[in-house]
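**Student:** Chains A and B, in that order, give the protein sequences. With the first sequence counted from 1, adding 2 to any position gets you my numbering. With the second sequence counted from 1, adding 251 to any position gets you my numbering.
It is possible that part of the hints are untrue.
[As the list claims (entries may be wrong)] DSS-like mimics (lysine-lysine), calculated; alpha carbons at most 27 angstroms apart, straight line:
| hint | chain 1 | residue 1 | chain 2 | residue 2 |
| --- | --- | --- | --- | --- |
| 1 | A | K326 | B | K288 |
| 2 | B | K263 | A | K320 |
| 3 | B | K417 | A | K294 |
| 4 | A | K302 | B | K323 |
| 5 | B | K381 | B | K323 |
| 6 | B | K347 | B | K394 |
| 7 | A | K13 | A | K326 |
| 8 | B | K417 | A | K297 |
| 9 | B | K398 | A | K297 |
| 10 | B | K458 | B | K288 |
| 11 | A | K121 | A | K241 |
| 12 | B | K484 | B | K458 |
| 13 | A | K320 | B | K454 |
| 14 | A | K106 | A | K128 |
| 15 | A | K326 | B | K347 |
| 16 | A | K241 | A | K257 |
| 17 | A | K296 | B | K263 |
| 18 | A | K297 | B | K394 |
| 19 | B | K417 | A | K326 |
| 20 | B | K347 | A | K302 |
| 21 | B | K458 | A | K320 |
| 22 | A | K326 | B | K436 |
| 23 | A | K309 | A | K128 |
| 24 | B | K417 | A | K296 |
| 25 | B | K454 | A | K297 |
| 26 | B | K417 | B | K381 |
| 27 | A | K166 | A | K106 |
| 28 | B | K422 | A | K294 |
| 29 | B | K454 | A | K296 |
[Said to hold, decoys possible] Calculated Cβ distances over 12 angstroms to all of chain B for the following chain A residues:
| hint | residue |
| --- | --- |
| 30 | K297 |
| 31 | Q333 |
| 32 | D337 |
[Said to hold, decoys possible] Output of the computed footprint for chain A on chain B, the stretches with three or more beta carbons under 8 angstroms from beta carbons of chain A:
| hint | region |
| --- | --- |
| 33 | 264 to 272 |
| 34 | 291 to 300 |
| 35 | 339 to 347 |
Keep in mind the hints are simulated off the structure, nothing from the lab. Using N, Cα and C, we set each Cβ at its ideal position, and we do this for glycine too.
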Amino acid sequence: MGTDIGDLLQKKKIELSYLANRVVAIDAFNTLHQFLSIIRQRDGNPLQDSSGRVTSHLSGLLYRTASLVEVGIKPVFVFDGKAPDLKAETLNKRKEVRESAREKWETAKADGDLEAAYKYAQASSKVDQQIVEDARYLLDIMGIPWVQAPSEGEAQAAYMVLKKDADFVASQDYDSFLFGAPAVVRNLAITGKRKLPGRNVYVDVEPESIELEETLKALEINRQQLIDIAICVGTDYNKGLEKVGPKTALKLVKKHGDIHAVLREKKVEIESLDRIRDFFTSPETTDDYELKWKKPDHDKFIEFLCKEHGFSEDRMEKAFERLKAAAGGRQQTLDQWF
Amino acid sequence: MFKAAINAELLKDSIASLAVIVDEVRFRISPEGISVKAVDPANVAMGIFELGSAAFDEYSADECEIGVDLNKITDLLGIADRSDTVRMELDEVNQKLLIDVGGLSYTLSLLDPSTVRAEPRVPQLELPAKVVLNGADLRRAVKAAEKISDHMLMGISEDIFYMEAKGDTDKVRLEMGRDQLIDMKSGDACSLFSLDYLTDIVKPTNKINEVTLSLGRDFPILIDFAIANGAGKISYLLAPRIESD
């Protein structure tokens, strides 16, 4: 998903506490998708309640958000709106991948191949309308704000950072840079021990931050050129040029100045090029949001998670206490006063 | 070299006032007296402690530093009578503190000072407002707040010093005007503090006539008072909580 320009960016490892007292605009779709793909049982089945409804996203959203607010981070979740028609092809392809993964998952399960089952199950994850609605409701009762983007969530999140309503965009994708986000954090939702996909190897995943200005300076390009590089490599709105990875794209764009010149040189065309560029430079965003962190609602919290979705009451009471304590204000430390 | 004698209760109170912040401290010993600066593991509360040689019945010392486990001293003083005299002598070579109290001789193993967290730097704060009040009033307000909430607001509004705690449904507030305070310098002050810390810190103030609070807006509080009839001084610095809506 998104554009594959990660290798070009200046990444810095950070501690979660580095983000204390900062507002982080989290790409909700991206995060929910990660929860759905990571939080699974060994045979690949997601967590489910007694009526068979998926609850992986609820578990992830609850615990991950709790640990963010505990260190003093102020999260706001940004939900995708209507995808631009430019994205239709990507969305169709994702759907195909999901459907074929689902079939392979069933086969692997029937064959008793757990490893393959898990892999295909992950690839079949889908954030559907019910998942989005559950997530919004859970955020509401947790007292965490969320924003409905008119179009791409990452564009809205980037806009909020540009407006200084937020300090960072949190997403695994790099698209928010193309939308102009000054600072992005990655791995926020998956910090900790993680299994490498398809291998039985675990790695420690740490959060990392990337600053747009620093990256542009290091690469000696401007934001428009970064967008052009991404378009060369391929984005959600276009296929990349043949045999052009991020490094080659960087070279080409720097040599020729912009993508038009690169395409002329290569004698190729990219469909809807100008619309794609315009979409990155001035995406549709909204000012219609309010960032307020409220106290969590105990009765609704227990009702929704325990009564409706069968989470353990004991554990949910504890999780609620964590949220409530964090919402009650933040203990400062003396080293802030030097 | 360090050799001293001191009243058991005075030593006990002094140790207790430090023990609310940390378990292990470095005692900085000099010919003028003993001083300690310590910060709690979470960096939220700091204690700055000075006990001048005048607080001791006998006192002679060179510059040195020792590492002390406060819990051990608290335990051993627990069996002493209030009026007992505690005699201490440092065995520098073996890093032991020899303590005589009530006919019992203890040999206390000291901690290697380098293994105890270093003395913290003390932030230089400009705190606009100041209140001097009776320690018992402070203690009473904190005790009342504890029943309702886990944090307490302290501030000044139109020459009234207030301490207020809000729970989910209940609220308690103590207001003190100039006539009820020993002294006040009015200023922009309103900060919230965790009672986890405040409760421990104000425990020793019950017996103290004059406690000085220095405050600001969303700023740390400085709590000062004299001990050992003015021969010593304790200051606590406590970082605030910042409230969300």
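**Student:** Now look at each hint and say whether the structure bears it out.
**Tutor:** Hint check results:
| no. | hint | in the structure |
| --- | --- | --- |
| 1 | A:K326 x B:K288 | violated, 33 angstroms |
| 2 | B:K263 x A:K320 | violated, 38 angstroms |
| 3 | B:K417 x A:K294 | holds, 20 angstroms |
| 4 | A:K302 x B:K323 | violated, 49 angstroms |
| 5 | B:K381 x B:K323 | violated, 36 angstroms |
| 6 | B:K347 x B:K394 | violated, 39 angstroms |
| 7 | A:K13 x A:K326 | violated, 33 angstroms |
| 8 | B:K417 x A:K297 | holds, 14 angstroms |
| 9 | B:K398 x A:K297 | holds, 21 angstroms |
| 10 | B:K458 x B:K288 | holds, 23 angstroms |
| 11 | A:K121 x A:K241 | holds, 25 angstroms |
| 12 | B:K484 x B:K458 | holds, 14 angstroms |
| 13 | A:K320 x B:K454 | violated, 30 angstroms |
| 14 | A:K106 x A:K128 | holds, 16 angstroms |
| 15 | A:K326 x B:K347 | violated, 47 angstroms |
| 16 | A:K241 x A:K257 | holds, 21 angstroms |
| 17 | A:K296 x B:K263 | violated, 45 angstroms |
| 18 | A:K297 x B:K394 | holds, 25 angstroms |
| 19 | B:K417 x A:K326 | holds, 15 angstroms |
| 20 | B:K347 x A:K302 | violated, 59 angstroms |
| 21 | B:K458 x A:K320 | violated, 39 angstroms |
| 22 | A:K326 x B:K436 | violated, 36 angstroms |
| 23 | A:K309 x A:K128 | holds, 25 angstroms |
| 24 | B:K417 x A:K296 | holds, 16 angstroms |
| 25 | B:K454 x A:K297 | violated, 31 angstroms |
| 26 | B:K417 x B:K381 | holds, 23 angstroms |
| 27 | A:K166 x A:K106 | violated, 45 angstroms |
| 28 | B:K422 x A:K294 | holds, 24 angstroms |
| 29 | B:K454 x A:K296 | violated, 33 angstroms |
| 30 | K297 | violated, 8 angstroms |
| 31 | Q333 | violated, 5 angstroms |
| 32 | D337 | violated, 6 angstroms |
| 33 | 264 to 272 | violated (count 0) |
| 34 | 291 to 300 | holds (count 5) |
| 35 | 339 to 347 | violated (count 0) |
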